[in-house]
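*Asks:* Modelling step: build the complete structure from the supplied sequences, incorporating the hints.
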Amino acid sequence: MPDGIRRMNRRFFLSNALPVSVVSSLMLSGMIGRSLHTRRQSAKGKQKVLVLIQLDGGNDGLNTVIPLDQYKNLLSARKNILIPEAKVARLSDSALTGLHPSLRPLTALYDNKQMTIIQGVGYDRADLSHFRSIDIWHSGSSADTIPTGWVGRWVDKGEYVNDDPPAIQIGSSLPKMLQGAGMHAGMALSDIDHFYDYVPGMYDAAGRSRQQRELSFLHHTGRQSRRYIESVKIAARAGHNSSGLYPSQNENPLADQLKVVARLIAGGLSTQVYSVRLKGFDTHSAQVDHSDPSRGIHATLLSQLAVAITAFQDDLALLGLQDRVLTMTYSEFGRRIKSNISFGSDHGTAAPVMIFGTGMKGGLVGHNPEIPSKVSAMDNLDFQIDFRSVYTSILKDWFHTPQERISAAIPDTFPFLSLF
Amino acid sequence: MRNISRSDFLEIISGRQANAPETDAIHRQSATMASGGGSMLHNGLAPYDGPWGGAQLKHLLRRTLFGFTQADYRFFENLPLDKCLDTLLTPSPDYTPPVNTYSNSDLVDPDAAWGETWVHSRFTDMGVLSKKEAEINQKRRDSITAWWVGRLLQHDRSLTEKMTLFWHNQVSAEFFFIFDACKSYKYAAPLRLHALGNFKKMLFDVVTSPGMLRYLSNDQSTAEDPNENLGRELQELFTVGRDAGTGYSQADVMAASRVLTGWATDHHGDTKFHAVIHDTADKVFSDFYGGKVIKGRSGEAGSEELSELLDMILSVRDTALHLSRRLYRWFVYYEISPEAEANVIAPLADTLVANDFDIVPALRLLLGSKHFYAEENIGCQIKNPIDHLIGLSRSFGLNDFSGDIGKQYSAWGSLAARLDDMSMCPGAPPNVAGWPAYYLSAGYQLWINSNTLTARMETIDALLSPSGIICSGMDTGIRLAVLGFTAALSDPSDPDTLVRDSTAFLTPVPFSADIIDKMTSLLSEGGTDWQQVWSEYAADPQDTAKSKLATDRLRNYYKYLLQRDECLMA
Numbered sequence: 066m067p068d069g070i071r072r073m074n075r076r077f078f079l080s081n082a083l084p085v086s087v088v089s090s091l092m093l094s095g096m097i098g099r100s101l102h103t104r105r106q107s108a109k110g111k112q113k114v115l116v117l118i119q120l121d122g123g124n125d126g127l128n129t130v131i132p133l134d135q136y137k138n139l140l141s142a143r144k145n146i147l148i149p150e151a152k153v154a155r156l157s158d159s160a161l162t163g164l165h166p167s168l169r170p171l172t173a174l175y176d177n178k179q180m181t182i183i184q185g186v187g188y189d190r191a192d193l194s195h196f197r198s199i200d201i202w203h204s205g206s207s208a209d210t211i212p213t214g215w216v217g218r219w220v221d222k223g224e225y226v227n228d229d230p231p232a233i234q235i236g237s238s239l240p241k242m243l244q245g246a247g248m249h250a251g252m253a254l255s256d257i258d259h260f261y262d263y264v265p266g267m268y269d270a271a272g273r274s275r276q277q278r279e280l281s282f283l284h285h286t287g288r289q290s291r292r293y294i295e296s297v298k299i300a301a302r303a304g305h306n307s308s309g310l311y312p313s314q315n316e317n318p319l320a321d322q323l324k325v326v327a328r329l330i331a332g333g334l335s336t337q338v339y340s341v342r343l344k345g346f347d348t349h350s351a352q353v354d355h356s357d358p359s360r361g362i363h364a365t366l367l368s369q370l371a372v373a374i375t376a377f378q379d380d381l382a383l384l385g386l387q388d389r390v391l392t393m394t395y396s397e398f399g400r401r402i403k404s405n406i407s408f409g410s411d412h413g414t415a416a417p418v419m420i421f422g423t424g425m426k427g428g429l430v431g432h433n434p435e436i437p438s439k440v441s442a443m444d445n446l447d448f449q450i451d452f453r454s455v456y457t458s459i460l461k462d463w464f465h466t467p468q469e470r471i472s473a474a475i476p477d478t479f480p481f482l483s484l485f
Numbered sequence: 015m016r017n018i019s020r021s022d023f024l025e026i027i028s029g030r031q032a033n034a035p036e037t038d039a040i041h042r043q044s045a046t047m048a049s050g051g052g053s054m055l056h057n058g059l060a061p062y063d064g065p066w067g068g069a070q071l072k073h074l075l076r077r078t079l080f081g082f083t084q085a086d087y088r089f090f091e092n093l094p095l096d097k098c099l100d101t102l103l104t105p106s107p108d109y110t111p112p113v114n115t116y117s118n119s120d121l122v123d124p125d126a127a128w129g130e131t132w133v134h135s136r137f138t139d140m141g142v143l144s145k146k147e148a149e150i151n152q153k154r155r156d157s158i159t160a161w162w163v164g165r166l167l168q169h170d171r172s173l174t175e176k177m178t179l180f181w182h183n184q185v186s187a188e189f190f191f192i193f194d195a196c197k198s199y200k201y202a203a204p205l206r207l208h209a210l211g212n213f214k215k216m217l218f219d220v221v222t223s224p225g226m227l228r229y230l231s232n233d234q235s236t237a238e239d240p241n242e243n244l245g246r247e248l249q250e251l252f253t254v255g256r257d258a259g260t261g262y263s264q265a266d267v268m269a270a271s272r273v274l275t276g277w278a279t280d281h282h283g284d285t286k287f288h289a290v291i292h293d294t295a296d297k298v299f300s301d302f303y304g305g306k307v308i309k310g311r312s313g314e315a316g317s318e319e320l321s322e323l324l325d326m327i328l329s330v331r332d333t334a335l336h337l338s339r340r341l342y343r344w345f346v347y348y349e350i351s352p353e354a355e356a357n358v359i360a361p362l363a364d365t366l367v368a369n370d371f372d373i374v375p376a377l378r379l380l381l382g383s384k385h386f387y388a389e390e391n392i393g394c395q396i397k398n399p400i401d402h403l404i405g406l407s408r409s410f411g412l413n414d415f416s417g418d419i420g421k422q423y424s425a426w427g428s429l430a431a432r433l434d435d436m437s438m439c440p441g442a443p444p445n446v447a448g449w450p451a452y453y454l455s456a457g458y459q460l461w462i463n464s465n466t467l468t469a470r471m472e473t474i475d476a477l478l479s480p481s482g483i484i485c486s487g488m489d490t491g492i493r494l495a496v497l498g499f500t501a502a503l504s505d506p507s508d509p510d511t512l513v514r515d516s517t518a519f520l521t522p523v524p525f526s527a528d529i530i531d532k533m534t535s536l537l538s539e540g541g542t543d544w545q546q547v548w549s550e551y552a553a554d555p556q557d558t559a560k561s562k563l564a565t566d567r568l569r570n571y572y573k574y575l576l577q578r579d580e581c582l583m584a
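Order-wise, the sequence lines are chains A and B.
Under the numbering used here, the residues of the first sequence are numbered 66 to 485, in order.
Under the numbering used here, the residues of the second sequence are numbered 15 to 584, in order.
Bear in mind the hints are in silico, worked out from the structure with no lab data behind them.
One thing to keep in mind: the hints can contain errors.
[Said to hold, decoys possible] Covered, in the sense of this in silico footprint (three residues per stretch, anywhere, with C-beta under 8 Å from a C-beta of chain A), are these stretches of chain B: (1) 385 to 399; (2) 453 to 463; (3) 469 to 475; (4) 541 to 547.
As the structure is a computational prediction, the values presented were derived from the model and not from experiment.
From the three backbone atoms N, C-alpha and C, an ideal C-beta is built for every residue, glycine too.
*Replies:* What follows is the structure, given as structure tokens:
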């Protein structure tokens, strides 16, 4: 993966004028699935929601949640990128652990028990490949790759009585996390103010040849999209944002995405899982500025995270939604203990997960990592808490998912964490 | 109204169990394979000797070109398979690099006048760019992306562009992160130069291109502190891969990274081997590479280690197998059954090795094999966005902008933006692993979600609307040339023949009689029957009213046809 530079808007060309959408008069008949879905029903607007923030590229955990009791050894391992001790943002209940100064805005949430930090999250025999490791996090399995995602399998076992998408990825492509068996478990959504109307074909391939299998997938995805789009349109129109803390559009890609999420929840969409992404954490070089390790690419990204979370939580509170929404960050791995000469760090292993919301016990879960006094370029942190402990604990205590359905999402058993 | 679980629903619609988790589909024998087309696999890569007709030829052209015109079809129609392959496997002639079509009174490119190429500019991203420089770089980046789309639209009867894109997906980089557009060009040029050439040569040229050295931070890697980025991706993605059972180690990543130290750029942004930062110690590799030691060398000789490294990596069988699987997923299907693994992938890998990784013999073997023409493999691909959009544009033809290079680039740029909406724009893969449709087990289905499917449908609508896809600085938008395409069919005046010919040309999937009837009736929808509409137009093509009536009818018909799922297949 390339160095982290803030991803700019990729619509590099002048936007094209859009043709007037014309809904064809050809109407559908015999739509499979229609009878399975009624519109608007009473449960709407009461569901708990989980928002997953992927810190894409491998977030440097040691510079995010800083083990102050290890500072001396960190200094010898990563002097050129280490945050000066005086600049570390302090937590009210711990003298031993602090945050990157860019995360200072979050300390208020932490002090109010609206932020939980889970230390050393990872898995056994960590894989240092971006693609394998995110696959493991998304599929929920270290086994050689699995075609479905943990959220997808959870969705597959759910009861859905309206046309709202069970899960939404803000962005143009669906991650494996949201792949169900045989079908997408959610929708990818890039623009909630513009939708194109078309009527999907009525042909459904019934056979089992390769061609018919792909046609059947296209057919059902087309139908599914139509239904989802109708629901999202209604919610987007009904919803709004209340916080004035969001930066202006295109300034903070994460804030832009979370703003859409808040609006859709406020609009009454019964979607339970939203997935968003902040890119650029693969900081092999120029992670920090040469002159000031508290500045640079990583500082900018964490600042975007803090600003976005602050605005989102504020928005949820103003909208009366704060008790319904839990937000969690994760990354495919942390980074190497020892920094490199390019003022960056290579791929590592375990890293902290941050959770935001109300009704939690809050505070720190797990302990600071231990940094040896002599660190080689290959040394990595051991993990303390398996990432699937985090998933299953949230499914159990946040969504109150029955054990059988949890097992469908995550087949193996991992210790539950008492987060709430 | 009963509640139904999603898994029940899935079972109903797909006839498949929604139980999780399954094992990896890449190595999974699908229900399809078990129940259906087992026998053809035993024929593997044996030369195809079955009937050679329209269905087989169209299959070959759909998989090897980005759309084909009726003239292309007629060119190949009477040639035997091996002659078709001779033509397809001949590299395209040289091309013009991207040129400046963006200068205006406010923005002057100091290195290239309007209409001249900017790719040789001495412009680098060292240091801080002025606002003007950044703006010029941005224009150049738009220029190279538009140009690539232009290359795709204008390609001849050769696999050159298809293989250029294949290599771009295999040895991937993003223009946005390379940043300097000149470096992006230098990354992309060897992909095209070696498209139908030798894998090792391509790899060497791309890995040492200023674009790749920047993209994977090798220009920051030193003996004292090697950066693992390129050393890792070189093995994980570009060559050996991480298919089941592959076992290079973290120590191999580090050793390869040390070989690569010193490969960076000069202050003009051209590749330069800097001996002073090269690690001159010996590099010892794991048992996976037979414990190979690459002798450390000092001075300029240090640069020779890279070729030895590539030889070592290409000598392990996993590299040939991985490349074979990538070719299979590109040209055939995304699932590789155990039989295909044994009877197709393995012999294809043997051919790559026997020819020292020249790509043409392997392509000839695959594209001329019984397996490739097995009924099961015809029409089973969901087209990627480039196949889809560029294919339609080429098959129909677009309104002609060739007289004005500024308009050409503007039109190509607008199509590039559409491709980006569909998640596949040249120069903008999601990351260094390329497009996930070619490595994740869900395969081609990953091209399609509510977002990208809608983008495709909307683009078809725009291409068939009176205003077309509007491009900056142009009064006419990009439209499919429906009249010209239709006129070339065998008997455009007869609606039954028109529908039969055009559907057979545009999709490998047959339609039911009901749908055919529906489409035929669309041509006559609105009063006058189609025969009369076409005859009157054909008798007097210059008459605006008559041509408009025929165009409107055809647009209505083609929109219905092209927005159907069947037309997403190849």
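*Asks:* It remains to establish, for every hint, whether it holds in the given structure.
*Replies:* Outcome of the hint check:
1. Coverage of a stretch by a chain is defined here by at least three residues with a beta carbon nearer than 8 Å to that chain's beta carbons; for the stretch 385 to 399 of chain B and chain A the count is 7, and the condition holds.
2. A stretch counts as covered by a chain when three or more of its residues have a beta carbon under 8 Å from one of that chain; for the stretch 453 to 463 of chain B and chain A the count is 9, and the coverage holds.
3. Only residues whose C-beta sits within less than 8 Å of a C-beta in chain A count toward coverage, and the stretch 469 to 475 of chain B has 4 of them, enough to reach three; the restraint holds.
4. Note: the stretch 541 to 547 of chain B has 0 residues with beta-carbon separation from chain A under 8 Å; the three-residue rule is not met and the coverage is violated.
The structure does not agree with numbered hint 4 stated previously, though it agrees with all others.
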